[in-house]
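Asks: Turn these sequences into a full structure, and let the hints guide you.
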Amino acid sequence: MVHRVRAVIAREKNAPVSLVTILVPDPGPGEALVDIITCGVCHTDLHYKQGGIGDDFPYLLGHEATGVVYAVGPDVTQVAPGDRVILNWRAVCGQCRACAKGQPQYCFNTHTATQKMTLEDGTELSPALGIGAFAEKTLVAAGQCTKVDPEADAAAVGLLGCGVMAGIGAAINTGEVKPGESVAVIGCGGVGIAAIAGAKLAGATTIIAVDIDDNKIAMAKSLGATHGVNSTEHDAVDAIRALTNGNGADVVIDAVGRPETYRQAFYARDLAGRVVLVGVPAPDMKIELPLLDVFGRGGSLKSSWYGDCLPSRDFPMLVAHYKQGNLNLDAFVSERITIDQVEDAFVKMHEGTVLRSVVEL
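For reference, each letter of the sequence shown is one residue, going 1 to 361 in full-length UniProt numbering.
Each hint should be verified, as a subset may be incorrect.
Unchecked claim - For lysine-lysine, the following DSS-like pairs were computed, each having C-alpha atoms within a straight-line distance of at most 25 Å:
{"id": "1", "residue 1": "Lys323", "residue 2": "Lys147"}
{"id": "2", "residue 1": "Lys302", "residue 2": "Lys286"}
{"id": "3", "residue 1": "Lys302", "residue 2": "Lys178"}
{"id": "4", "residue 1": "Lys178", "residue 2": "Lys323"}
{"id": "5", "residue 1": "Lys221", "residue 2": "Lys323"}
{"id": "6", "residue 1": "Lys221", "residue 2": "Lys178"}
{"id": "7", "residue 1": "Lys221", "residue 2": "Lys348"}
{"id": "8", "residue 1": "Lys147", "residue 2": "Lys116"}
{"id": "9", "residue 1": "Lys101", "residue 2": "Lys302"}
{"id": "10", "residue 1": "Lys13", "residue 2": "Lys116"}
{"id": "11", "residue 1": "Lys302", "residue 2": "Lys13"}
Since the hints were derived computationally from the structure, they do not count as laboratory data.
Replies: Quick look at the structure:
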């Protein structure tokens with residue numbers, strides 16, 4: 001059976017998105033068909049729309065999603081129809097080098113659905129991050145579904161599917177923030193503020209938010225930052241050092257991903273501290289650092305991809321923290337919109353007036 005559903009696609013580079021009817025097949029082996037409840041509008045979707053990730057147009061956008069499993073393939077046992085799930089783009093294979101070493105969060109062979117979703121004329125769609133959830137139904141690999149508590153607000157917990165998980169995981173998983181440590185986060189967009197929330201959850205006692213926008217710094221403070229630094233008014237490195245007894249922070253997270261912010265992160269950390277890069281740099285960006293400084297300062301320089309998360313471990317744990325009041329995911333939902341308002345949400349994202357617009361289907 002083929003399901004005809006409404007969905008948002010990007011037909012060509014930098015063109016406005018379109019709300020169209022697409023065809024979604026029943027699940028085959030290893031696949032799950034999911035009724036989408038909510039889906040956040042993420043910067044990654046904008047990158048797809050702009051052609052910054054590839055040119056396999058048309059793209060079926062959307063990936064920060066919560067849904068209910070509608071049907072599963074004949075060999076699927078980990079989820080069943082009726083399960084509330086968060087979708088993820090790290091369906092681990094269990095067999096690659098990383099998985100064999102007991103590090104499935106670094107799986108080198110993550111997988112997606114085998115069958116293709118199409119336009120009505122048969123044109124194959126490229127689903128964003130192998131998900132494509134700006135749609136009433138989508139087809140994914142069953143391993144992309146993580147069961148979660150159905151009582152949690154779908155719009156809030158669905159954001160764990162990408163940006164919020166990337167930030168929280170950058171602090172907890174990659175940065176390994178410990179109770180009592182100091183953390184500085186450079187860049188207070190959605191990912192950076194999530195890193196601040198993650199640092200608070202991990203027990204950091206000094207959490208410094210750095211940005212060029214006072215409104216973003218204020219939001220960061222509302223979600224756990226103890227101090228704010230506007231880097232247009234103060235040197236970020238000097239300010240972070242001043243707030244950490246002249247030493248620098250134990251962990252500095254670069255949530256921007258530019259050479260200048262990475263350099264700030266490198267010099268704003270304490271000796272033997274950790275630098276975490278979670279902001280995504282452009283392909284042509286380069287950085288030069290004195291090798292003696294890299295050697296002499298010790299510690300570690302890490303990159304964080306999807307917050308080094310393991311969805312089966314991290315999603316239920318963070319949803320539990322959310323329900324217990326330890327993690328304010330509601331604050332990341334700036335507005336709830338309908339599926340025909342995605343293009344407007346991209347405009348608001350450009351303006352920096354929202355953390356997340358969330359489509360409710």
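Asks: Starting from Lys302, check that the Cα of Lys13 is at most 25 Å away, please.
Replies: Violated. Lys302 to Lys13 sits at ~32 Å, over the 25 Å cutoff.
Asks: If you draw a straight line from the CA of Lys323 to the CA of Lys147, is it 25 Å or shorter?
Replies: Holds - the C-alpha atoms of Lys147 and Lys323 are around 15 Å apart, at most 25 Å.
Asks: Measure nothing beyond the straight line between the CA atoms of Lys221 and Lys178; if it is 25 Å or shorter, mark the hint as holding.
Replies: holds, 20 Å
Asks: Within a Cα-Cα threshold of 25 Å, do Lys302 and Lys178 meet the stated pairing?
Replies: holds, 16 Å
Asks: Going straight from one Cα to the other, do Lys13 and Lys116 come out at no more than 25 Å?
Replies: Distance of about 21 Å is within 25 Å: holds.
Asks: Lys101 and Lys302 were given as a pair; does the straight-line alpha-carbon distance stay at or below 25 Å?
Replies: holds, 19 Å
Asks: Is the straight-line distance between the alpha-carbon of Lys221 and that of Lys348 25 Å or less?
Replies: holds, 22 Å
Asks: Tell me if the straight-line CA distance from Lys302 to Lys286 falls inside 25 Å.
Replies: holds, 16 Å
Asks: Straight-line Cα separation of Lys178 and Lys323 no greater than 25 Å?
Replies: Holds, at roughly 22 Å.
Asks: Does the structure keep Lys147 and Lys116 at a Cα separation of 25 Å or less?
Replies: holds, 24 Å
Asks: Are the Cα positions of Lys221 and Lys323 separated by 25 Å at most?
Replies: Distance of about 21 Å is within 25 Å: holds.
In summary, the one numbered hint that this structure violates is 11.
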